[in-house]
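Novice: Sequence:
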Amino acid sequence: MTTETPSVPTPNARRSFLKTAGLTAAGAVALGGLNLSALAATSPATKSVAQDLAILNYALTLEYLETEFYTAFDTGALAGKLTNLRVKEYAKQLASHERAHVDGLAATIRSLGGTPVAKPTFDFSPLIGDGSGVNDQVFLQLAASIEPVGVRAYLGQAPSVQNGAVLTAAASILAVEANHVSGIQELRVYLGYNTAPTRQTSIAPQSDAKPTSPSAGDFDANYSPSPTALWTPLTMEEVLAIVGPLIKA
Numbered sequence: 147m148t149t150e151t152p153s154v155p156t157p158n159a160r161r162s163f164l165k166t167a168g169l170t171a172a173g174a175v176a177l178g179g180l181n182l183s184a185l186a187a188t189s190p191a192t193k194s195v196a197q198d199l200a201i202l203n204y205a206l207t208l209e210y211l212e213t214e215f216y217t218a219f220d221t222g223a224l225a226g227k228l229t230n231l232r233v234k235e236y237a238k239q240l241a242s243h244e245r246a247h248v249d250g251l252a253a254t255i256r257s258l259g260g261t262p263v264a265k266p267t268f269d270f271s272p273l274i275g276d277g278s279g280v281n282d283q284v285f286l287q288l289a290a291s292i293e294p295v296g297v298r299a300y301l302g303q304a305p306s307v308q309n310g311a312v313l314t315a316a317a318s319i320l321a322v323e324a325n326h327v328s329g330i331q332e333l334r335v336y337l338g339y340n341t342a343p344t345r346q347t348s349i350a351p352q353s354d355a356k357p358t359s360p361s362a363g364d365f366d367a368n369y370s371p372s373p374t375a376l377w378t379p380l381t382m383e384e385v386l387a388i389v390g391p392l393i394k395a
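All the letters of the sequence shown, read from the start, carry residue numbers 147 to 395 under this note's numbering.
Please keep in mind that the hints were generated in silico from the structure rather than gathered at the bench. Don't be surprised by glycine CBs; every beta carbon is placed ideally from N, CA and C. Honestly, I wouldn't trust all of these hints.
[Stated by the list, open to error] Between beta-carbon pairs, the in silico distance windows are:
id, residue 1, residue 2, range
1, K265, S318, 35 to 41 Å
2, A375, A395, 37 to 43 Å
3, S278, S194, 32 to 38 Å
4, S194, D269, 24 to 30 Å
5, D364, L337, 22 to 28 Å
6, T192, S328, 37 to 43 Å
7, A311, E235, 31 to 37 Å
8, R232, S348, 38 to 44 Å
9, D249, A223, 35 to 41 Å
10, K394, A225, 19 to 25 Å
11, Q308, A246, 22 to 28 Å
12, S278, L231, 19 to 25 Å
13, E384, T314, 22 to 28 Å
[As the list claims (entries may be wrong)] Simulated crosslink set (SDA-like; lysine to any residue; CA at most 25 Å straight-line):
id, residue 1, residue 2
14, K394, D249
15, K234, V335
16, K238, T267
17, K265, R232
18, K394, A246
19, K234, V307
20, K265, A321
21, K356, R345
22, K394, I274
Build the full structure now, drawing on both the sequences and the hints.
Specialist: As structure tokens, then:
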């Protein structure tokens, strides 16, 4: 992936992200005054709600990131960088989907008595520099790297979700993110941007050569629109190592 390589987050950056997502590095959950470390004497039902709220706010933080990224190319500062009408229309559709995910997650959090985490400040310069080199091809390459992270992040939290309705909602979003992966790659194949349209991988966007690297500079955005029979999940820490450099506050 030919982008500027973001630095690996420092421990302070890791703690900052986990706090933003509703988790501290020690595993405490601060949501609506709840803290998992203080719930030892409470009912299992209360603990399960707190755990689900933590996961939902983590997911909400990731959806905020995706929404801001696609909105920048739809109606924001980078909209003028896209020239292909199909690419522009797909950017609009992706932005709309991600906004719906934000709204749905926030509503679910409130329905459980929690408070949606505030949207962080994002900075995409580790991926695009000053933006001068961004075009249709770069946008789709970045999208092909961002979307699988979302798929694998949701998958990584699925075993920890306690509430069946929450799991259903998360699975619905995961399915849409997987659709985005396929749609983006099909468009890249159509436009001649995807140089490995038959490559199978369960770890996209991470490369076969460096399968555990969190650095965008090591990613490989070239893979099949139907890349795997079984995705490999990402833990919260692994997701943080990838997206942490984009979250400033």
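Novice: Would you mind marking each hint as holding or not holding in the structure?
Specialist: Consistency of the hints with the structure:
no.	hint	verdict
1	K265 / S318: 35 to 41 Å	violated, 22 Å
2	A375 / A395: 37 to 43 Å	holds, 39 Å
3	S278 / S194: 32 to 38 Å	violated, 49 Å
4	S194 / D269: 24 to 30 Å	violated, 35 Å
5	D364 / L337: 22 to 28 Å	holds, 24 Å
6	T192 / S328: 37 to 43 Å	holds, 40 Å
7	A311 / E235: 31 to 37 Å	holds, 33 Å
8	R232 / S348: 38 to 44 Å	violated, 28 Å
9	D249 / A223: 35 to 41 Å	violated, 23 Å
10	K394 / A225: 19 to 25 Å	holds, 22 Å
11	Q308 / A246: 22 to 28 Å	holds, 24 Å
12	S278 / L231: 19 to 25 Å	holds, 23 Å
13	E384 / T314: 22 to 28 Å	holds, 25 Å
14	K394 / D249	holds, 22 Å
15	K234 / V335	holds, 16 Å
16	K238 / T267	holds, 21 Å
17	K265 / R232	violated, 29 Å
18	K394 / A246	holds, 24 Å
19	K234 / V307	violated, 36 Å
20	K265 / A321	holds, 23 Å
21	K356 / R345	holds, 15 Å
22	K394 / I274	holds, 15 Å
Hint check: violations occur at hints 1, 3, 4, 8, 9, 17, 19; the rest are consistent with the structure.
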